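> Following the hints, complete the assembly by docking chain B onto the known chain A.
2 protein chains.
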Amino acid sequence: MDLSQLRQQIDTIDRQIVNLYEERMDVSRQVAEYKIETGKKVFDKQREQEKIAGVKALTHNDFNSHGVEELFEQIMSMSRKLQYQLLAAHGSEGRLPFIGVEELETDCARVVYQGAEGSYSQAAMHRFFGENVNAFHVETFRDAMSAIDEGSADFAVLPIENSTAGIVNEIYDLLVEFENYIVGEQVIPIEHCLLALPGTKMEEIKRVYSHPQSLMQSARYLAEHDWQQISMQNNAFAALKVAKEKDKTQAAIASEYAGETYGLEILKKGINDSDSNSTRFIIVTNQKIFRKNANKISLCLEIPHESGSLYHILSHFIYNNLNMTKIESRPIPDRNWEYRFFIDFEGNLADSAVKNALRGLREEARSMKILGNY
Amino acid sequence: MDLSQLRQQIDTIDRQIVNLYEERMDVSRQVAEYKIETGKKVFDKQREQEKIAGVKALTHNDFNSHGVEELFEQIMSMSRKLQYQLLAAHGSEGRLPFIGVEELETDCARVVYQGAEGSYSQAAMHRFFGENVNAFHVETFRDAMSAIDEGSADFAVLPIENSTAGIVNEIYDLLVEFENYIVGEQVIPIEHCLLALPGTKMEEIKRVYSHPQSLMQSARYLAEHDWQQISMQNNAFAALKVAKEKDKTQAAIASEYAGETYGLEILKKGINDSDSNSTRFIIVTNQKIFRKNANKISLCLEIPHESGSLYHILSHFIYNNLNMTKIESRPIPDRNWEYRFFIDFEGNLADSAVKNALRGLREEARSMKILGNY
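Here the protein sequences come in this chain order: A and B. Those letters in the first sequence? Residues 384 to 757, by this note's numbering. Those letters in the second sequence? Residues 384 to 757, by this note's numbering.
It is worth saying that the hints were derived from the structure and are not from the lab. Small disclaimer: the values here were computed from a predicted structure and weren't measured. One should not assume that every hint holds.
Any copy will do: because identical chains look the same in the list, a pair fits if it lies in one copy or spans two.
[Said to hold, decoys possible] In silico EDC-like cross-links for lysine to aspartate or glutamate, where the CA-CA straight-line distance does not exceed 16 Å:
#1 K584 <-> D609
#2 K439 <-> E405
#3 K439 <-> E406
#4 K651 <-> E586
#5 K423 <-> D385
#6 K439 <-> D394
#7 K675 <-> E486
#8 K418 <-> D385
#9 K709 <-> E721
#10 K752 <-> E685
With the rest of the complex left out, here is chain A (with noise of 0.2 Å):
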């Protein structure tokens, strides 16, 4: 037989494929309808076990066994994502853990940062809060976190990602470690700039202060200078240092707004590495809200260690034909590569794609947290 004839047989099977298909979804949308009359659930892991089981068994050979399993996973997660659409419709889907709402309550709101006056993180707060805000700043990541979880605060502003030297890893940790949930973000550009006491000479220059993350962002400038290099927590608190401590050895990394705020010379201007240089900040808050036309969702997944394997995970977002923005993963503290994944997908807590795959999600992941919807 030559290919011509060989692939018309493709075709006449593929019809009857597409067919079948067809007629399955139909069937399934009368299930739909019969578990909301009875108020049923959708999802019957044993029921999709035995089925698996039951078409593996039917197929002649090892290679289709393992073909026909992963057919039918997609067939059922369809069948489920149709059946939550029509739960949907019917508005019979269940309650969610999460509160939607119209807009965040920003007017009054009590907001905290992480640094001092003239940081980047009091810039992403003036920008999405506005100028007028009441505010108060902490020194560590983990008191701004701890000021919501207590009530001190309303919202944090903290760092997450910067897009040249990637994420902000303590961020991921503390989002896990606390009841807190991300309600929205704010991007602001980076621009690091070299200050000092007025009239300092760079020659003079023997120090550079600035936060570990900086540091790196201004690697290239630093690595023509043959200056000790010193961390800080934050770039407004090496200003504040250069600033009080009237040292002309000493210089800071740190924004233009800082060196404006503590009375400092830009020496130079722009030192980042990359010129398109931003950080992106999330907004968190202590209760499980989001805002009703919010579209991405961040999780955080810890897969079981002895099947190892991230591909099934993965396959819900896939069958729910969600668009993941973004995943990382990150070592569990103390457990050796053991690893903890971070996913950003676009959706809606309230779509019927996002339950389905947040469902199938749940049952397989060894843990599984929904970080905001925002």
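For chain B alone, coordinates are given in the frame of chain A:
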């Protein structure tokens, strides 16, 4: 109709789908035989696109149109995988750009590592190549990459990931930049020690020197002390500095081995936060080779910005049953919020499932680089 009747209908449909699936795979086998005889290639992008458009046109609503698209992408991937398997069995699968070798040629090899005598990198090198290895060290990771690129060394030993602190970003960036490849890995347990001149008292210490990674790994211990933390390129350099400058206000964080090498006293052992802290080192060379029993592949992918979607990319792993063990996204330098993905998965470049996946990935990614199979 009640639930059991509906389920019987579904079972009947599913039996037919399984039969058609097996028939389709049988015709695919015949297509492969035809292609082997005539020397045609397996992947025909145009035919696949026409096929998807054709089956979508057969459906009667948007939900089914999308479902059928996903379904046939999976079915065609399975068909391709079967065809690659048969081509492999006939020895006509085409040449790989990587050359399979039985063992690495490590006799008389010249090896480069970053840092100084007494570093963890040196310890990893001794573990992998033996104590009598012909070695030299350089100042930066880039210098080590350049040394094998130019041929002044045959292999480089570089730290890629720590079980507590996560990945070493710079190494990932260098793996993309240089035409060097990973051919092995070595895990080394990490136990940081506080090192100082013999006879130093804890209360004399004012400054502590170490690599930023080691400072981060010892964050909990350092938080109990009010010492200035100074970044160095390498832990061993920090130990050397403390030994040379003979200043009792200075201490270093480095390995016990570094302490012995430079005659320093161990003031405190195991100051790292995590008890089970270890670092994974990679062995890199300038040839595109892989050991025939290698079972881990590292890839770097850039995904088109337009679609913004990871999910089609990841489907190639899922449909080929490849177990991803790690996935990282790193911002691409100078392109705001565009990411490069680093993926580790189990497999060998000679496997047909691996070839099938790589073929699909290469078609869909903006760029793909195989970093090594080891």
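> Does each hint hold? Answer for all of them.
Hint by hint, here is what the structure shows:
1. K584 <-> D609: Within one copy only: 15 Å inside, 30 Å across.
2. K439 <-> E405: So K439 and E405 pass the 16 Å test across copies only (11 Å; inside, 21 Å).
3. K439 <-> E406: between (21 Å within a copy, 15 Å between copies)
4. K651 <-> E586: Within one copy only: 13 Å inside a chain, 38 Å across chains, cut-off 16 Å.
5. K423 <-> D385: between (52 Å within a copy, 13 Å between copies)
6. K439 <-> D394: So K439 and D394 pass the 16 Å test across copies only (13 Å; inside, 24 Å).
7. K675 <-> E486: So K675 and E486 pass the 16 Å test inside one copy only (8 Å; across, 59 Å).
8. K418 <-> D385: between (49 Å within a copy, 10 Å between copies)
9. K709 <-> E721: between (19 Å within a copy, 10 Å between copies)
10. K752 <-> E685: So K752 and E685 pass the 16 Å test inside one copy only (9 Å; across, 28 Å).
Of the numbered hints given earlier, the model fails none.
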